[in-house]
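Same order as they appear, the protein sequences are chains A and B. Numbering-wise (numbering that gives the first Met the number 0), the first sequence opens with residue 0 and increments by one. Numbering-wise (numbering that gives the first Met the number 0), the second sequence opens with residue 0 and increments by one.
Bear in mind the hints are in silico, worked out from the structure with no lab data behind them. Hints should not be assumed to be uniformly reliable.
[What the hints assert, rightly or not] Residues of chain B placed beyond 10 Å of chain A at every Cβ, according to the derived structure:
no., residue
1, 88
2, 253
3, 390
4, 431
[To be verified] Beyond 10 Å from chain A on every Cβ pair, some chain B residues (computed):
no., residue
5, 177
6, 189
7, 328
[Stated by the list, open to error] Facing chain A, a subset of chain B residues (Cβ under 10 Å, in silico):
no., residue
8, 184
9, 192
10, 196
11, 198
12, 307
13, 414
Every residue gets a Cβ at the ideal spot worked out from N, C-alpha and C, and that includes glycine.
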Amino acid sequence: MLNHTAYLALALYAASFFCYARALYGAHRWVGRLASLFLLGGIVAHYCALLERSYGTHTIPYDDLFGSMSLFAWLLGLTYLALEIIHRQRSVGAFVTSLLFVWVGAVSALAPTQMPPPLPARGPLFAFHVTLNTWAYAAFALSFILSMIYLFQDRILRSRRAVAAFWRFPALDVLDGMSRSSVYVGLAALGVGVVSGLIWEHRLTGTYSWGDPKVIVTFLIVAAYVAYLCLSRNAIWRGARAARICVLNFAVVLFSYTIVNLYLTTFHRFF
Amino acid sequence: MASTSNPPNAPPARRMGIRIALIGCNHRTAPVELRERVAFTTEQAVDAASQLRQRGILEEAVVVSTCNRSELYGVPADTAAPIADVLEEFLTAYHRIPRSDLEGRTYRWMGADAIRHLFRVASGLDSMLLGEAEILGQIRTAYGRALEHGATGPILNRAFQGALEVGKRVRAETEVGARPMSVSLAGVKLAERVFGSLKGRTALILGAGEVAEQVTEHLRNRAIGSLRVVNRSFDRARSLAAAVSGQAIPWESLESAISAPDIIVTSVGDAGAILTREKLLRALTAREGRPVFVVDLGMPRNVAADAANLYNLYLYNIDDLGEIVEQNKKARETEIPRAEAIISEHVAKFEAWRAGLEASSVIDELRGRFRHEREKLLRERLDAQGVSPEERERMAGITEELVERLLAEPATRLRHGRGTQEHLSSIHALRRIFGLAREGESGEEL
Chain A
0 MLNHTAYLAL ALYAASFFCY ARALYGAHRW VGRLASLFLL GGIVAHYCAL LERSYGTHTI
60 PYDDLFGSMS LFAWLLGLTY LALEIIHRQR SVGAFVTSLL FVWVGAVSAL APTQMPPPLP
120 ARGPLFAFHV TLNTWAYAAF ALSFILSMIY LFQDRILRSR RAVAAFWRFP ALDVLDGMSR
180 SSVYVGLAAL GVGVVSGLIW EHRLTGTYSW GDPKVIVTFL IVAAYVAYLC LSRNAIWRGA
240 RAARICVLNF AVVLFSYTIV NLYLTTFHRF F
Chain B
0 MASTSNPPNA PPARRMGIRI ALIGCNHRTA PVELRERVAF TTEQAVDAAS QLRQRGILEE
60 AVVVSTCNRS ELYGVPADTA APIADVLEEF LTAYHRIPRS DLEGRTYRWM GADAIRHLFR
120 VASGLDSMLL GEAEILGQIR TAYGRALEHG ATGPILNRAF QGALEVGKRV RAETEVGARP
180 MSVSLAGVKL AERVFGSLKG RTALILGAGE VAEQVTEHLR NRAIGSLRVV NRSFDRARSL
240 AAAVSGQAIP WESLESAISA PDIIVTSVGD AGAILTREKL LRALTAREGR PVFVVDLGMP
300 RNVAADAANL YNLYLYNIDD LGEIVEQNKK ARETEIPRAE AIISEHVAKF EAWRAGLEAS
360 SVIDELRGRF RHEREKLLRE RLDAQGVSPE ERERMAGITE ELVERLLAEP ATRLRHGRGT
420 QEHLSSIHAL RRIFGLAREG ESGEEL
């Protein structure tokens, strides 16, 4: 799969990771800005790589495992960059970009060298449905990363031992806010994605496949994240407990993305 | 304890025409009693700089005076006596103290060493509390005052602007100034790890002792939204609250008061555990589980130890904070080599710039010397022979061109080798060979 733009995206993600990590350990302010610029460059190059793949399949690259995983990584980067700008907080960047680099690198290295053949046309609504659902998973992955950092930070605060990076990490309150923002993005994307999928299916078959395991697990995911949002404001659950819920919720997302897609569903097995 | 060796990692001193001289004493070289006697008030610092220039001792001057140091920086004018002796004489005379009192209590640096010292001071590496931030502001103020009164010139402007840049870089790019070094600041910084910005947050101060005042000051600097003070003596609470634009609360209202704040700081002496687990649990419930950060600076402790297990309550006592401060001190010390590397980079930049000035100055002086000799020769040889004005003009033109041709090559070479040791040596050699060195500029002695 590795074409020139994919190589470029990988290189930019690596440069971005390096700058974010340097910024975490007290580099000059411009290093942090450079990290964001590299990430933006990586996202643009990654988009071009996806576009190139799309020319081969005549649609968004969701139909094979590698294209779908690459799309997931791209949306994760995009969501993070948006949250970084909104929350004005760069200290999580090193974690996200390291994941992006490893993920995109692995996907690119393991992908078959030949392009998948063109697919039967399913229309833009279907592409919209899959893209939004993938975006939702990417946003939930981001909230998982943020919750993990929250739990780590909380653990250090409780142990009363300040490690070096501790002073550079975002505050618990900021992590909590970013995580919730990410879940809001995920729920909105998933909601619209599910509705567009249902409309597409009804247009095609005149029915709704409510019994499909993918649909059932998706509603379970929605319920789990709505519960997280409610509990994260609740007196007993707010804080570290809510962060743990967010981490557990992501296990359901992973289950849906892997086991359900590969083995359980028939209707949603698109690779 | 006069210092004649180089500062750590310093290159050997260079002997050049345009130099910065420094004399000073600090917490390492002089006891507080002596430092008090040679300290400058704001007005005195301006006056001293002005006098140094008026008396022809320095061409440019800046006086830096803080509680831990008094330093005179300047660009020496052409004087016969060693500049450091002249500056020390001035320092003692200005403060009307016997010179013997300052004997062995000062340090003297010249050229690159003086610049390195200034950059280390601005970076907080020469401070009593490694990496402290206040010194950068104090240098900015001292330089600003000197600039305002016209006491500085191109050399000191460049040096002090460089120092401010180095100070900022060292703090931004290393951990030297990153972590809190006092118990009070550590408490506030830890609260920021929970809440992020403290702007608009609420804090309750229990007790009105010295440490509580320090914490309150740090909180106020961070634009805390509301500050409440509770003390057994209501008058004392009112006085501290008034000083920090806070609100004094009677001791009897303590239980209701603890349910509101995000941060609680306790430093009540001889009181034992005022805040029990039950009281804090009630407070957390009233806050709907929102986190509370508690700093217990009391001795004996004011917060029951078992309260540390409460969910969403972060409790730090004085030992916890002391340990963090100790860790931070060690961490700061390990960052010194990184800070020194930044300083060396900027010293080299300054030296390159200074060498550029030197090169221009040497070429100009050489040109002046050659022209003078040319004029002398024309007078001796042509005027005596009664050569016509046209012929004399022609000869003058030819010799002028010869001077320029002779200078073209050295000027180009000096321009291209800026900042290298060889380049600096060449400038010095030129000065020596052509007798251009200023009087008293042998460089052997400061």
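Checked hints:
| no. | hint | result |
| --- | --- | --- |
| 1 | 88 | 43 Å, holds |
| 2 | 253 | 22 Å, holds |
| 3 | 390 | 65 Å, holds |
| 4 | 431 | 42 Å, holds |
| 5 | 177 | 6 Å, violated |
| 6 | 189 | 7 Å, violated |
| 7 | 328 | 12 Å, holds |
| 8 | 184 | 12 Å, violated |
| 9 | 192 | 6 Å, holds |
| 10 | 196 | 8 Å, holds |
| 11 | 198 | 12 Å, violated |
| 12 | 307 | 8 Å, holds |
| 13 | 414 | 31 Å, violated |
The structure is inconsistent with the numbered hints 5, 6, 8, 11 and 13, although it conforms to all the rest.
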